[in-house]
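According to mature numbering (1 follows the signal peptide of the UniProt record, and there is no 0), the stretch in the sequence shown is residues -23 to -1, 1 to 485, in order.
Heads up, none of these hints are tricks.
Heads up, simulated BS3-like pairs for lysine-lysine below, C-alpha to C-alpha not over 27 angstroms straight-line:
{"no.": "1", "residue 1": "LYS453", "residue 2": "LYS326"}
{"no.": "2", "residue 1": "LYS94", "residue 2": "LYS453"}
{"no.": "3", "residue 1": "LYS94", "residue 2": "LYS79"}
{"no.": "4", "residue 1": "LYS453", "residue 2": "LYS79"}
{"no.": "5", "residue 1": "LYS326", "residue 2": "LYS475"}
{"no.": "6", "residue 1": "LYS94", "residue 2": "LYS326"}
It is worth saying that the hints were derived from the structure and are not from the lab.
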Amino acid sequence: MAERYHFLSVLFVLSLSASLVLCRNLSPGSTGSAPTTATLDVSATLRQALRVLSFDHYQALDQEMKSFHHGGGAAASGGFTLELHSRDFLPTAAQARHTDYKALTLARLRRDSARVKSIAARLALAAHGVKRSDLKPLAEEKELAATARAIKGPIVSGTSQGSGEYFSRVGIGKPAKPFYLVLDTGSDVTWVQCQPCTDCYQQSDPVFNPSASTSYSPLPCDSPRCHDLDISACRNSSAGGSSCLYQVSYGDGSYTIGDFATETVTLGDSAPVSSVAIGCGHDNEGLFVGAAGLLALGGGPLSFPSQISARTFSYCLVDRDSPASSTLEFGGASASGVAVAAPLLRNRKLDTFYYVGLSGISVGGEMLSIPPSAFAMDESGSGGVIVDSGTAVTRLQAEAYEALRDAFRRGTAGLPAAAGVSLFDTCYDLSSRTSVDVPTVAFHFPDGRELRLPAKNYLIPVDGVGTYCLAFAPTKAPLSIIGNVQQQGTRVSFDLDKSVVGFTPNNC
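Kindly produce the complete structure, drawing on both the sequences and the hints.
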């Protein structure tokens, strides 16, 4: 191993998007005197949407992120802070940028659908006690290439990398080198592409060379961390002993395969964290759009927060069409400082996802008639509501979605309707409007807590000529998902000790 230190800065595309939210404390079961309408600035939101098509913004971000150490630092509480950027402003994304906003929207929705199907399938299997390794065990092979061929099967995972919507610079190795990584609350294994490549996709930075890092150390097959993997295999070494191989497959056909090792990880200007278990992927394929890999923020034992014993972390995401940055923080404020506190629930069958105790939804200040069972998780681990950074559009069970959609349509009867677009069935032609008033939409939690969304978080542009659609969608799965479009502009925090999910508006 070379004596020279290298720092791998990982792109961390945060499969998460956050939103501006207004909040109130209300008596349970009522919406009090909450406003019934919200104003959507059509001109401003359409103008911002079209900015993402401009190449100049890609160039500006590329220059901004040349220096890794300007990308983060210590959080106010002494933890770590990272800057986050929208996926579509990743420097190399300009090479594959869309020429019109509708094409971009359709690409986003395709990624989103793949991710939702993947999450639903993984949770359905977990509810029935089926593990991914039961579906396709990873055979022990002498050669990594043979291993890759052996495991290209129908293995289901909780994420689709194509859905990652935010990224950051993270340092990997010693000395550290900066790389772009996807950020994802629906994943537990952090990984980066590694030399030598059996099959690597194009990324923004040079591929990480583990031999150039003095802190890289392969994990043996009998290590506890290797046993924590859902799917693993052993490879015998010429020097004796065996090393751990990992594999993660995704619902859209993406996958990563390679050596499981410990390495030094550095976030911004913070002190390096040593001996973090990560995947060193030699065979990788999928819709990663220039990212070097993924920073896993799930709730499992191998996720980054779990490995650094971070009991609180939070993120706030600016609009995905904005070139501005927002932040991810580890060790930030506890639940006592949030505006809306909701119960953080966990699934006994699968610890990756963060569930929230949602009790209802209101439209135009009126609670919808939705049975509590639509948001409840049963004893088998089926159902419930998760907060997910990688899913864009909030998914609701059909009955709940139809109640929301129908109430919203009644409140927008005066707006000119437009044809549906992809998974959106409620759209409007706002090309002649500069602003419109629409019914408020709010999530309700126990103890009368309410998270009221700004209009731009649920009525969004889908093309460049003024077509806007209601950004909710139905799902046939029992699971509901609060997506990142609805989270934009709100700091979403997770306090694992107090079992609280916090929502604080205008705190990016």
